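J.: Residue numbers (the working numbering), protein chains in the order written: chain B, 1 to 136; chain S, 1 to 136; chain U, 1 to 136; chain X, 1 to 136.
Mixed in with the good hints, there may be bad ones.
Below, in silico cross-link-like pairs of lysine-lysine (DSS-like), each with a Cα-Cα straight-line distance of 25 Å or less [claimed, not checked]:
#	chain 1	residue 1	chain 2	residue 2
1	S	K115	U	K115
2	B	K8	U	K8
3	B	K100	S	K118
4	X	K97	U	K100
5	B	K4	B	K115
6	U	K106	B	K97
7	S	K100	B	K115
8	S	K97	X	K8
9	S	K106	B	K81
10	X	K100	U	K115
11	B	K97	S	K97
12	U	K100	B	K4
Quick caveat, the hints were computed from the structure, so don't treat them as lab data.
Here the structure is a predicted model, which is why all the values come from computation and not from measurement.
4 protein chains.
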Amino acid sequence: MTEKTITKIDIRGYHLDGYQHVNNARYLEFLEEGRWQHYENISVEAYEKLGFAFVIVNININYRLPAVFGDVIRIETNIEKIGNTSLIFNQVIFNDKNEKIVCDAKITFVILNQKTGKPFIIDETFRQLLLKEVSM
Amino acid sequence: MTEKTITKIDIRGYHLDGYQHVNNARYLEFLEEGRWQHYENISVEAYEKLGFAFVIVNININYRLPAVFGDVIRIETNIEKIGNTSLIFNQVIFNDKNEKIVCDAKITFVILNQKTGKPFIIDETFRQLLLKEVSM
Amino acid sequence: MTEKTITKIDIRGYHLDGYQHVNNARYLEFLEEGRWQHYENISVEAYEKLGFAFVIVNININYRLPAVFGDVIRIETNIEKIGNTSLIFNQVIFNDKNEKIVCDAKITFVILNQKTGKPFIIDETFRQLLLKEVSM
Amino acid sequence: MTEKTITKIDIRGYHLDGYQHVNNARYLEFLEEGRWQHYENISVEAYEKLGFAFVIVNININYRLPAVFGDVIRIETNIEKIGNTSLIFNQVIFNDKNEKIVCDAKITFVILNQKTGKPFIIDETFRQLLLKEVSM
């Protein structure tokens, strides 16, 4: 089981849309925030030193229940799978009060070498870094 | 083949993120804009008179190539399938100059009765309206 | 001197625009977040029980230095002035590491009675509530 | 009188916030869109060839009336003043049906030399370019 990162966000008026619930696009920012927090320790260094870029290739997201003004959501972020050149995040958003699932998503990335623009082969050292089993 | 709606958007500086390409969340706003245009003639009336609400239950989106400053994207929006209580949009975003696919997505909605909050059964009349074979 | 609320935000890739600094519009969301936190204890109740709505009539914002990826910003929010039917927030955003001012803003609101849509006269009791000298 | 650029935008559900009117931050994106359209012919070239960057130093915006779902807004953008190193845009947003002013804003920019990061002196040739009296 991979390490899980918890991110809490208070739902404000500016997160809502005309239906008075959180807009579908805003959830992707919430999920992105969760992923930045998950890789907080390595993201800047990895980008600058290792020279790789995380590029999203697919998002598959289920919207299960609306989040509304005054709700607190809890984003749980972990790595589901690491392949040769890709990795998949599993992210679930809960209503922090009643524990119901608001949405869940799988986010697939490829990792590109910034210089060549080509996929970066994920070796064992890099794999352990991505799994947060080691730090830089 | 269902009617297709074309939406063009010029990519500006405020659409980009730190990687200097359009951010993953912004595409969902672009797709939403495409859907509003697709149902421009019925959206306000349908909402107010018929009392139904379109609620997204799933988005499955592939990001194939980045869109950058100065690009013009073309969103093609059509209905892929209408079920008993749900409908699926098919949306493809092209780079309008080189015709390459930037991203493609399937967006699944259920239609809820605003008063009861329960799914709305899509009968033949409503189905024709959603397929734009008739107007209100 | 009125009570000051501190809000810290980590700058992420999705906060930036094509110039790779925080976009001008995003700062207004940061400031709005600061104001929600300032009135966290009264905002829901005030809206629902007292029936008033805060409506922005003017924003005057100076952008002094860019905020970039990896920065932590600190928003300081307090009330500058309360008039008969309006109030002015003073908000300053600092770079939390070097203490330089990133931007500063005055945000002027009128308070409307939700039912009548007319300005709400700010009496002494309400004034103390807005100044956080008393709680509901 | 300087040339005026007209931009029309249909207000959609995703432009609104929890109050069901257009959020204060979204207007800044609308204004930015208006400015890109105003300088559509020179923006890419100016940035790449001339090597200058437009940097906002102040926004002073009055929110006069709400824009809601189904409204069409019309943004009028022109240059109010050009100084030695700065320029001021005047932008007014109208409700396109009833001609009422939704908001109006003055946006002050300095123009920086991208290489030195220092202000760019606006000479007569550049001034005419900014006033759209000549093209590149």
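J.: Are the hints correct? Go through all of them and say.
T.: Structure-based check of each hint:
1. Using a Cα cut-off of 25 Å, the hinted pair K115 of chain S and K115 of chain U holds, with the two alpha carbons roughly 23 Å apart.
2. With a C-alpha separation of about 14 Å, the suggested pairing of K8 of chain B with K8 of chain U holds against the 25 Å cut-off.
3. This hinted pair checks out: K100 of chain B and K118 of chain S have alpha carbons roughly 19 Å apart, not beyond 25 Å.
4. For the suggested pair K97 of chain X and K100 of chain U, the alpha carbons sit about 45 Å apart, so the restraint of at most 25 Å is broken.
5. About 31 Å separates the Cα atoms of K4 of chain B and K115 of chain B, which puts this hinted pair outside 25 Å; it is violated.
6. With a C-alpha separation of about 35 Å, the suggested pairing of K106 of chain U with K97 of chain B is violated against the 25 Å cut-off.
7. Distance check on the hinted pair: K100 of chain S and K115 of chain B sit about 23 Å apart at the alpha-carbon level, within 25 Å; holds.
8. Note on K97 of chain S and K8 of chain X: the hinted pairing holds, with a Cα-Cα distance of about 24 Å set against a maximum of 25 Å.
9. Between the alpha carbons of K106 of chain S and K81 of chain B the distance comes to roughly 24 Å, so the proposed pair stays at or under 25 Å and holds.
10. Under the criterion of a C-alpha separation no larger than 25 Å, the hint pairing K100 of chain X with K115 of chain U is consistent with the structure, at around 23 Å.
11. With a C-alpha separation of about 49 Å, the suggested pairing of K97 of chain B with K97 of chain S is violated against the 25 Å cut-off.
12. With a C-alpha separation of about 35 Å, the suggested pairing of K100 of chain U with K4 of chain B is violated against the 25 Å cut-off.
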